[in-house]
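> Could you put together the complete structure from these sequences and hints?
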Amino acid sequence: MTAYSASRRLLRRAAIGAIVVTLFLAAALRCDVRPEIFRQGLGQGPNFIASFFPPLWSAAGEMVTPVLITIVLATSATLLGLFLSFPVGLAAASNVAPAWLRQPVRVLLGVERAVPETILLLFFVVAFGLGPLAGVFSLALGSIGMLGKLLGDAMEEVDPAVVDSVRAAGATFWQTIRYGLLPQVLPALAAHTLFRFDVNVRNSVVLGAIGAGGIGEEIAHSMGMIQYERATIAVLGSLLVIYTAEAVSGRLRRRLLGAEA
Amino acid sequence: MLFGGLLTLAALLLYLQVDPLSVIGQLPHLLNLGRDMFPPRLAILWEREGLVNSVIETLAMAFAGTVLGLCLAFPAGLLGAANTTPHPALRAFTRAALSLERSITSFFFLLVFLIAFGLGPFAGTMTLAVGTLGLFGKLFAESIERVEHAPVEAIAALGATSWQQICFGALPQAAPALIANALFAFDVNLRLSISLGIFGAGGLGAEFLLAKQTLRYRDVFALALITLVLITTVERVSDQLRKHI
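Quick mapping for you: the protein sequence lines, in order, are chains F and Z.
Under our numbering, read the first sequence as residues 1 to 261, first letter to last.
Under our numbering, read the second sequence as residues 1001 to 1245, first letter to last.
Calculated from the structure, these hints are not laboratory results.
Being a predicted model, the structure only gives us computed values, none of them experimental.
Cβ atoms here follow ideal geometry from the backbone N, Cα and C, with glycine treated the same way.
Incorrect hints may appear among the rest.
[Claimed, not checked] A partial selection of chain Z residues facing chain F, derived with a Cβ cut-off under 7 Å:
1. Leu1013
2. Tyr1015
3. His1029
4. Leu1030
5. Leu1033
6. Phe1038
7. Met1061
8. Leu1111
9. Gly1120
10. Thr1232
Next up, the structure:
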């Protein structure tokens, strides 16, 4: 490396650093990040944190149903999303669907992935009212956005020889998909679905707070009512949901995909 | 297997007191909503004062939160990586703390910060910083653990201190992964900052909530389109930057 290119690299790094720092300062200013607010907040910190303890253990019983609702919501949304992503994935695969179908489907999937589930929920709450149904639909739609695309990609990567041999044996279109294509994409599908399940469980807690019900609603409600000791219990409930779901999906992953996954 | 899955789904929906068949009856609501939302009133971009400001606020929140969070995630990554941590117990502790932090839902942190620091984007920035620390502290630790040992040992053989081994042996190897992660963090935080707006952090999320509560559905649709353009553009730009680096 010559001295010239080394100094140019240094200059470039310094320029990038300066841009990042300037942007950060501008952004921080815009967001009212001021040391005195920070100091003031931290001054109250110890007292404030202490108000979350001890947890209101007597409220634990009230958390059982919300915990179950959150788990069921995430599970049914994953299942619904899995079923619906199947036709969508077929329509998004270049070796199955014609271009006039595939391209609009791919664009729609991209659009869908870009919109956060919380925004989707706002739409569904208007259509179906408050409650878990709106949550199931937003999470299912989010799952289709991800699983549909990944499934389409997985279908494009299958071994064409297997599909051809099934077709050559005289299989119809659907039989070719059932016996030639499907078995090849199942492992990828299982892996992505389990990953999406973890995502859905975390999201279902958040969606609960904006109208889908469940443990998220209990957290938001307790915080709003200034019952911080109860909020601690609700947060513990959400941790229970998330860790249980992760343990279950981890076990399924090892069972279905072997030790290496 | 398909049949069993459908049966399970129906049972789960029944537990949520959702009658799968009544859903079909509610589909007209969805069509009505679609009609109310169409056509999107893109004019809010120039007619509604402060909307552009909200977009900037969302972007600023995401950027400030990302930079703050990454500044915290970097030392956490060093503490949590087996090859740079001062003590294995400290590594285990860091890993456990980061995992706990990732699992606590982001809006709870936001509510806590809103009470401590007041309504507005500052609490949102802090929430994003905490979330970034949890997720990217772990990713940083993993990237640092993946570096090759030989260059680090070579520098150690020259008599470098452990700090020098980290700065000149391990970090240069991990740098590309760290930068890619940093760009990814901004993508994640942009989405999250819109969601947090619904809970009181301001920005685009607050605009969504307001438009929905005042039944301005054509504005909601326009906001969704603005969100779409914003997120897609940022994704494109960060893809380009990643390729460049």
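> Confirm or reject each hint.
Taking the hints in turn, this is what the structure says about them:
| no. | hint | verdict |
| --- | --- | --- |
| 1 | Leu1013 | 6 Å, holds |
| 2 | Tyr1015 | 5 Å, holds |
| 3 | His1029 | 5 Å, holds |
| 4 | Leu1030 | 4 Å, holds |
| 5 | Leu1033 | 5 Å, holds |
| 6 | Phe1038 | 13 Å, violated |
| 7 | Met1061 | 5 Å, holds |
| 8 | Leu1111 | 4 Å, holds |
| 9 | Gly1120 | 6 Å, holds |
| 10 | Thr1232 | 6 Å, holds |
Hint check: a violation occurs at hint 6 only; the rest are consistent with the structure.
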